[in-house]
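Trainee: Sequence:
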Amino acid sequence: MQISKILHAGLLYLLTYATWAQQTGSSLTGTIRSEDGEALPGASIRLANSNRGTFADLKGTYQLDNLPAGRHTVVFSFVGYQKLSRVVHLHEGGSTKLNVELKLETNELNAVAVIGRTEVQEVNRQAFNVTAIDAKQLYNSTLDLSSALDRVSGVRVRESGGVGSNFNLSLNGFSGNRVRYFIDGVPMDNFGSSFQINNIPINTAERLEVYKGVVPIWLGSDALGGAINIVTGDRSRNYVDASYSYGSFNTHRSVVNAAVTNKSGFTVRLNAFQNYSDNNYKVTVDAADIYTGAYTPNAVVRRFHDTYHNETVIASAGVVGKRFADQLLLGITLGKNYKELQTGARMVAVFGGWHRRGNIVMPTLKYRKTDLIKGLDVTLNANYNLGKERNIDTLSARFDWYGNSKPNPNGEGRGRSLSEYGNNNGLATATANYRLSDRQAVALSNVFSTFYRKGTDAFNESFTQGSVRPRLNKNVLGFGYTYDEKDKWSTSIFGKYLYQNTPGQTSFSKLGFGVATSYFIRPGFQLKASYERANRLPEANELFGDVELVQGNLALKPEQSQNINLGFNSSFAIKEDHRFLVNANAIYRYSDNYIYSRFNQNQSALVLDNLDGVFTLGGEGEVRYSYKRFLSAGATLTYQRLENRQQYVFDTNGNRVLSPVYKDQMPNIPYFFGNADASITLRDLGQKGSVLNVGYNLLYVHAFWLYWPSRGGDKLSIPMQLSHDLNAVYSLKNGRYNIGLEVRNLTDNRLYDNFSLQKPGRGFYMNLRYFFNSFTL
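Using the numbering used here, read the sequence shown as starting at 1 and increasing by one per residue.
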């Protein structure tokens, strides 16, 4: 029976191939050069809203065969040059020639272009509620990926301190593991502590895609509230991009990105970066001298045990532009980090000897092929993290905020720890997209991941050795259908089947589905709507804890949410020089078995639990304005109400009673916040080819409660946040040499993303960057 199925599949393949071979199709050929007439080998050519594409050869020539007849938008791109779109009309069986010239791009620290609608227009025009950030406009800054995301409407990045601190990204009110992270569509679930978005410099990305609520199936995951996709772009070009920055609190950042591709298609790619900071900024706390007992409210002290550094190298080698593969790369990601922990979940607890070390050793495989058979595009990815983590706190001592320590032989407070363990994760993804016609396509994706924590603790014999070993296997299978009538309307329908197994404990299976649609009233005005019944399975760090500040809970249930998004995008111009962009979105969420965090009894760690229901209703809006290439400004605003809908609870006697916090606003979640920015650009200042950009950014977060509002008493309001940033970048030689200056938190306000966990005050930073891409092999 099995042999019959194989023969049947093989015959079907041969018939499909024979039919395809007999069709003539259309072809598109041409050359890609710079304005100076220089060939641009490795430049990318692709059809908009399609996976069809290729790369230019050593002479800058390209060819795309077997294209469907009709009207197409072709996008040309190359590192260091402005993207270019051209519309062509292809005739059945004919050949069309299209030669283009790309203009050099000057990468400016331009806050308005952060959420631009030009270079990332194709992404933003999807039916999904998605916002794309053009990362290239921030290459001359000292920002990391999380800082760039914090400027997007609906997004709040909450950090517990300075460089390398714990962070939690909130997207339309959903945070934590409800929001998933990807690099070029590959889940980052298993990258470990050495590779997080708040320690990855902005230079590693070409753009960031923020999917809010409904997530397409090609990002295979059980994301409940949205997804962040970090797109590194097609790096099969010859270039070097290096930068170094220095700033307050002895903060150092350096980045080197490089790629070399020869005429035969062999390519080598390298991304390397490091971050270091003493994080010795001043904080305001209620401090007591551990020896005298003298108590000082609102004492101003300096953090003394908060050093952080990480170093990461991402290297790969392989071939591009081959008949058997558009891209085939074998690679390795190596990294390590060192992190001192100054406080617990609140600053009432202070530590002086607790630190963590971690590393990442992760081999990778990437494969991509367009038209494996006509109309079928295939992508495969696999990796396995062999890294280790160490949690070290061997001092039997207590500390105060003045840096004094006192022996603690009785072990009061935190117990000692000397643990070494591996959160070993494996991941394999496969995506197939088949074009049924010019307007229709079907897609299939599958993501399998595995987790196994194994380790020891010299002070805790039961570490990871309990009745249930920390093991987890998960699979996400997705299927989708898309109908796209270009520049008119499009619809995507999809389903997801989730399965998770915890050996020796439990297993879950869930089915979800959704739809996303959009309609263009006119070319510059788009309506969007999407719905998903989404599921999220408990993650390993929720079930087993993170061996730091989160306690595990094996009784957690899967979350389920009904997600609805409604919105519009509009772009228009007044007398051509004055251009406007306006978008707004309304969101509705209702979540069952909502997983939330609360403090444990002594407020030294967080405990995860389920709520029967959480209702979310909110909206977000964005307005941007630009005048020629000189002035630009914009603002975003987000409001979201998350309401507890668990009506009954059990009292201490086991009786079922009405919950005193029923319909309360969910605590410790910002509900009203926004951003504003403005910048001016002066060109050819001092010499031809130079650009001076001066910008301003404002961050506002309204005050919100740490605890349930109706509890009464001291609910400990997290105060209103207001931060002003200034920046200036001067670029020479058409962006080859760049110097940037930044002032963050100009007015030195106290900033808290989490109660009492104070963030750095005013800081000054300088960034030097060199970009070179004119050599060929």
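A portion of the hints provided could be inaccurate.
Computed list of lysine to aspartate or glutamate pairs in EDC-like fashion (alpha-carbon distance at most 16 Å, straight line) [unchecked claim]:
| hint | residue 1 | residue 2 |
| --- | --- | --- |
| 1 | K628 | E576 |
| 2 | K557 | D612 |
| 3 | K83 | D184 |
| 4 | K488 | D438 |
| 5 | K663 | D592 |
| 6 | K366 | D546 |
| 7 | K59 | E38 |
| 8 | K454 | D546 |
| 9 | K103 | E38 |
| 10 | K628 | D577 |
| 11 | K557 | D484 |
| 12 | K406 | D393 |
| 13 | K282 | D400 |
| 14 | K374 | E311 |
Across the chosen pairs, the derived CB separations fall in these ranges [as the list claims (entries may be wrong)]:
| hint | residue 1 | residue 2 | range |
| --- | --- | --- | --- |
| 15 | L617 | G686 | 49 to 59 Å |
| 16 | F764 | T284 | 15 to 25 Å |
| 17 | A430 | G94 | 31 to 41 Å |
| 18 | G233 | N99 | 38 to 48 Å |
Since the hints were made in silico from the structure, they are not lab data.
Just so it is clear, the structure is predicted and the values come from calculations on it, not from any experiment.
Cβ coordinates follow ideal geometry from the N, Cα and C atoms, glycine included.
Trainee: Does each hint hold? Answer for all of them.
Mentor: Here's how the hints hold up against the structure:
1. K628 - E576: holds, 8 Å
2. K557 - D612: Holds - the C-alpha atoms of D612 and K557 are around 10 Å apart, at most 16 Å.
3. K83 - D184: Cα-Cα ~19 Å, so violated.
4. K488 - D438: holds, 14 Å
5. K663 - D592: Holds - the C-alpha atoms of D592 and K663 are around 14 Å apart, at most 16 Å.
6. K366 - D546: It is violated: about 29 Å lies between the C-alpha atoms, which goes past 16 Å.
7. K59 - E38: holds, 9 Å
8. K454 - D546: Between K454 and D546 the Cα gap is close to 13 Å, so the pair holds against 16 Å.
9. K103 - E38: Holds, at about 11 Å.
10. K628 - D577: holds, 5 Å
11. K557 - D484: It is violated: about 38 Å lies between the C-alpha atoms, which goes past 16 Å.
12. K406 - D393: holds, 15 Å
13. K282 - D400: holds, 15 Å
14. K374 - E311: Roughly 43 Å separates the two Cα atoms, so the pair is violated.
15. L617 - G686: 49 to 59 Å: Once the Cβ atoms are compared, 52 Å apart, the range 49 to 59 Å for G686 and L617 holds.
16. F764 - T284: 15 to 25 Å: holds, 21 Å
17. A430 - G94: 31 to 41 Å: holds, 35 Å
18. G233 - N99: 38 to 48 Å: Roughly 23 Å apart at Cβ, these two residues miss the hinted range, so it is violated.
Hint compliance for this structure: hints 3, 6, 11, 14 and 18 are broken, all remaining hints hold.
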